[in-house]
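Trainee: Residue numbering for the sequence shown is 57 to 333, as defined by the working numbering.
Errors might be hidden in some of the hints.
The calculated DSS-like cross-link candidates involving lysine-lysine, where the alpha carbons are at most 30 Å apart (straight line), are [unchecked claim]: (1) Lys200 - Lys229; (2) Lys322 - Lys200; (3) Lys229 - Lys309; (4) Lys329 - Lys303; (5) Lys297 - Lys200; (6) Lys309 - Lys329; (7) Lys200 - Lys303; (8) Lys322 - Lys309; (9) Lys301 - Lys329.
Simulated restraints, written as ranges between beta carbons of each label pair [to be verified]: (10) Ser279 - Leu99: 17 to 25 Å; (11) Glu77 - Leu271: 52 to 60 Å; (12) Glu94 - Glu195: 49 to 57 Å; (13) Glu306 - Lys200: 21 to 29 Å.
To be clear, the hints were calculated from the coordinates, so they are not data collected in a lab.
All of these numbers come straight from a predicted model, not from anything done at the bench.
Glycine included, every Cβ here is placed at the ideal spot set by N, Cα and C.
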Amino acid sequence: MEFDNSIYEQIEAFISGEMGEDDKKLFEVKIQSDKDLEKEVELHRSLKNVIQDKEWHLTENVKDNKEFNQIKNSRRSKKYANIEASIQEAGDQYFENEIKPKGNKKWLYYISAVAAVICIAFFINYYNNNQSTTSLYAEYSNWKELPSLTIQDDNENILAEGEHLFFEAEYTKAIMIFSQELGDSSVQKQNLNPYILSYLGASYLELNDYENAILTFDQLLNSNTVDSSKGYWYKAMVYLKQGNKQKTEEQLKLVLQDERNFNFQKAVELYEKLDFN
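Could you put together the complete structure from these sequences and hints?
Mentor: Written out as structure tokens, the structure is:
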């Protein structure tokens, strides 16, 4: 429904808080009695909130979603803060200079377009970032570096079977074997625990079970063995696969604290490629 110029001026004053208290009360009564006007006010408020970067109204399950939080963090980056600031300034000028004299719905299409630009911009940024981390994960998660679990003079060699299952992408079956073998009390098997933990954590990671992958790699870090530093690198791979650049950066910095740490040089390369600045 189209409204005349004076109504649009009242809507703008009402939304912007520029309406006097008496006029505001009268306008609120008018809104309650006119469903079309109520819809127009809410539409005007929602679109202007997009321009002015107001908080989105979201259900709790969406707020808790990890992917949404990543998108939200991307949206709050310096790059898009500058873009949105420019759009907001242009939008405010349009509200101030264009709506009052024209009194039509041209502002609606303008703000809708701006809202679309903002949404597309940060979704593209999130998509590109996610694509980047995905390709880097594929490049740097080289599980062929894992040590062989073949034990000489062991006819059954259950660990070799687990290793075979892992490289056949039978991760669930491999997890069952590695989990059982971690409980073996023999000295020979205990000496292999850091290697078993590496395979176990990698199996969880390939299944996107990030929580158990992190827990397993933390066990590796706490193993007090020469291989314990591998845990930093492997945890970096977990966060890289998740697309969590902040956590990836934290883990890479831990690797970079000591040149003797596992995959130190690769950590240098990856850190530069991710461009955390």
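Trainee: Each hint should be assessed against the structure and marked as holding or not.
Mentor: Each hint, compared with the structure:
no. : hint                        : result
1   : Lys200 - Lys229             : 19 Å, holds
2   : Lys322 - Lys200             : 15 Å, holds
3   : Lys229 - Lys309             : 34 Å, violated
4   : Lys329 - Lys303             : 15 Å, holds
5   : Lys297 - Lys200             : 17 Å, holds
6   : Lys309 - Lys329             : 14 Å, holds
7   : Lys200 - Lys303             : 24 Å, holds
8   : Lys322 - Lys309             : 12 Å, holds
9   : Lys301 - Lys329             : 11 Å, holds
10  : Ser279 - Leu99: 17 to 25 Å  : 60 Å, violated
11  : Glu77 - Leu271: 52 to 60 Å  : 59 Å, holds
12  : Glu94 - Glu195: 49 to 57 Å  : 55 Å, holds
13  : Glu306 - Lys200: 21 to 29 Å : 26 Å, holds
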